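Colleague: Take a look at the letters that make up each chain.
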Amino acid sequence: MKIETTRFGHVEYVEDQVIHFTDGMVGFPRLKNYVLVESPSMPLILWLQSVESADIAFPIIEPWFFRRDYKAPLGDADKISLAHDENDRLKIFTVLTIPDDMTRMTVNLRAPVVINVSKSTAAQMILQDKSLEIRTPAHEGFNKAMSSFLQTRTVSVPEASTDAWVAVDFKGALSTGL
Amino acid sequence: MLVLTRKIGESIAIDDHIKITIVQIKGKQVRIGIEAPKETKIHREEIYRAIQDENKAATQSFAGNLTRLGVPPVKKTGTDGV
Numbered sequence: 001m002k003i004e005t006t007r008f009g010h011v012e013y014v015e016d017q018v019i020h021f022t023d024g025m026v027g028f029p030r031l032k033n034y035v036l037v038e039s040p041s042m043p044l045i046l047w048l049q050s051v052e053s054a055d056i057a058f059p060i061i062e063p064w065f066f067r068r069d070y071k072a073p074l075g076d077a078d079k080i081s082l083a084h085d086e087n088d089r090l091k092i093f094t095v096l097t098i099p100d101d102m103t104r105m106t107v108n109l110r111a112p113v114v115i116n117v118s119k120s121t122a123a124q125m126i127l128q129d130k131s132l133e134i135r136t137p138a139h140e141g142f143n144k145a146m147s148s149f150l151q152t153r154t155v156s157v158p159e160a161s162t163d164a165w166v167a168v169d170f171k172g173a174l175s176t177g178l
Numbered sequence: 001m002l003v004l005t006r007k008i009g010e011s012i013a014i015d016d017h018i019k020i021t022i023v024q025i026k027g028k029q030v031r032i033g034i035e036a037p038k039e040t041k042i043h044r045e046e047i048y049r050a051i052q053d054e055n056k057a058a059t060q061s062f063a064g065n066l067t068r069l070g071v072p073p074v075k076k077t078g079t080d081g082v
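Residue numbers (my numbering), protein chains in the order written: chain A, 1 to 178; chain B, 1 to 82.
Treat the hints as calculated values from the structure; they're not laboratory data.
Just so we're clear, the structure is a prediction, and the values are computed from it rather than from any experiment.
Backbone N, C-alpha and C fix where the C-beta goes; we use that ideal spot for every residue, glycine too.
Treat the hints loosely; a few may be bogus.
[Unchecked claim] Straight line, CA to CA, 20 Å or less: simulated DMTMM-like cross-link-like pairs of lysine to aspartate or glutamate:
1. B/Lys-38 to A/Asp-23
2. B/Lys-38 to A/Glu-86
3. B/Lys-56 to A/Glu-52
[Stated by the list, open to error] Just some of the chain B residues that point at chain A, by a computed CB distance under 8 Å:
4. Ala-50
5. Ala-58
6. Phe-62
[Claimed, not checked] Restraint ranges, calculated between C-beta atoms of paired labels, are given here:
7. B/Ile-22 to A/Phe-149: 50 to 56 Å
8. B/Ile-25 to A/Pro-99: 41 to 47 Å
9. B/Gln-24 to A/Ser-118: 41 to 47 Å
10. A/Arg-89 to B/Ala-36: 27 to 33 Å
11. A/Met-1 to B/Ile-12: 44 to 50 Å
12. B/Ala-36 to A/Ile-92: 21 to 27 Å
13. B/Arg-49 to A/Gly-172: 27 to 33 Å
14. A/Ser-131 to B/Ile-14: 29 to 35 Å
15. B/Gln-60 to A/Lys-171: 28 to 34 Å
16. A/Val-14 to B/Ile-22: 31 to 37 Å
17. A/Gln-151 to B/Lys-19: 52 to 58 Å
18. B/Ser-11 to A/Lys-144: 49 to 55 Å
19. A/Gln-151 to B/Gln-60: 27 to 33 Å
20. A/Gly-9 to B/Ser-11: 51 to 57 Å
All chains should be built: construct the whole structure from the sequences, respecting the hints.
Modeller: Shown next as structure tokens:
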């Protein structure tokens, strides 16, 4: 299967790579199915690309770069959305907003995206903790994460990225901690 | 919008499964108790709206090259690419 995305061009995927949001993302209730898309030109960030809408994609990142002690306790409604059983493997991500001026990028710590890897389901939670900001400045944390990422690995970052975007086999990739 | 007057301790039933109770009135604040099925998602509206707006902003995010993120490209040798 393939999507002709507005951002990443042609993205091929298989059924197994589709993540189902029972309730959609907040404000996007009709879009239920997404694939994770990544590119070596932009490590650490994954993109939740809608399967149903070519121009809708959310950049997501793990929250630990911004809060080491980040916790997202599942509420009852979240558990139902995720079809969550006790032994299911969950992955937590937070949504980035990246404006043209990158130094003003923010991360939404209040409404994380939880992926139930075992069931291929996901939900955007809204946490009760008022200290978690919807627009947390993220540039510094991101730069630090990127610097240590680039130091620990010898990676090649291609200049052009138009054709480098691929759908993530999230069951495999996420099980090894990306 | 349906508007009802209630006293402290009184409730409103919505369908069979949702019950809203006026718990306390203090100055300009009202404390409300809500009983609903556990799959019901209940949030303060301004938070919900703010997250909707932020999600919309997130979908406008720039998806360009790393260099635009202020990180220099690194060559395969691992040397600094500047």
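Colleague: Give a verdict on every hint.
Modeller: Verification of the hints:
no.: 1; hint: B/Lys-38 to A/Asp-23; verdict: holds (15 Å)
no.: 2; hint: B/Lys-38 to A/Glu-86; verdict: holds (17 Å)
no.: 3; hint: B/Lys-56 to A/Glu-52; verdict: holds (16 Å)
no.: 4; hint: Ala-50; verdict: holds (5 Å)
no.: 5; hint: Ala-58; verdict: holds (5 Å)
no.: 6; hint: Phe-62; verdict: holds (5 Å)
no.: 7; hint: B/Ile-22 to A/Phe-149: 50 to 56 Å; verdict: holds (53 Å)
no.: 8; hint: B/Ile-25 to A/Pro-99: 41 to 47 Å; verdict: holds (43 Å)
no.: 9; hint: B/Gln-24 to A/Ser-118: 41 to 47 Å; verdict: holds (43 Å)
no.: 10; hint: A/Arg-89 to B/Ala-36: 27 to 33 Å; verdict: holds (29 Å)
no.: 11; hint: A/Met-1 to B/Ile-12: 44 to 50 Å; verdict: holds (47 Å)
no.: 12; hint: B/Ala-36 to A/Ile-92: 21 to 27 Å; verdict: holds (26 Å)
no.: 13; hint: B/Arg-49 to A/Gly-172: 27 to 33 Å; verdict: violated (37 Å)
no.: 14; hint: A/Ser-131 to B/Ile-14: 29 to 35 Å; verdict: holds (32 Å)
no.: 15; hint: B/Gln-60 to A/Lys-171: 28 to 34 Å; verdict: holds (29 Å)
no.: 16; hint: A/Val-14 to B/Ile-22: 31 to 37 Å; verdict: violated (53 Å)
no.: 17; hint: A/Gln-151 to B/Lys-19: 52 to 58 Å; verdict: holds (57 Å)
no.: 18; hint: B/Ser-11 to A/Lys-144: 49 to 55 Å; verdict: holds (51 Å)
no.: 19; hint: A/Gln-151 to B/Gln-60: 27 to 33 Å; verdict: holds (31 Å)
no.: 20; hint: A/Gly-9 to B/Ser-11: 51 to 57 Å; verdict: holds (55 Å)
Comparing the model with each earlier hint shows violations of hints 13, 16; every other hint is respected.
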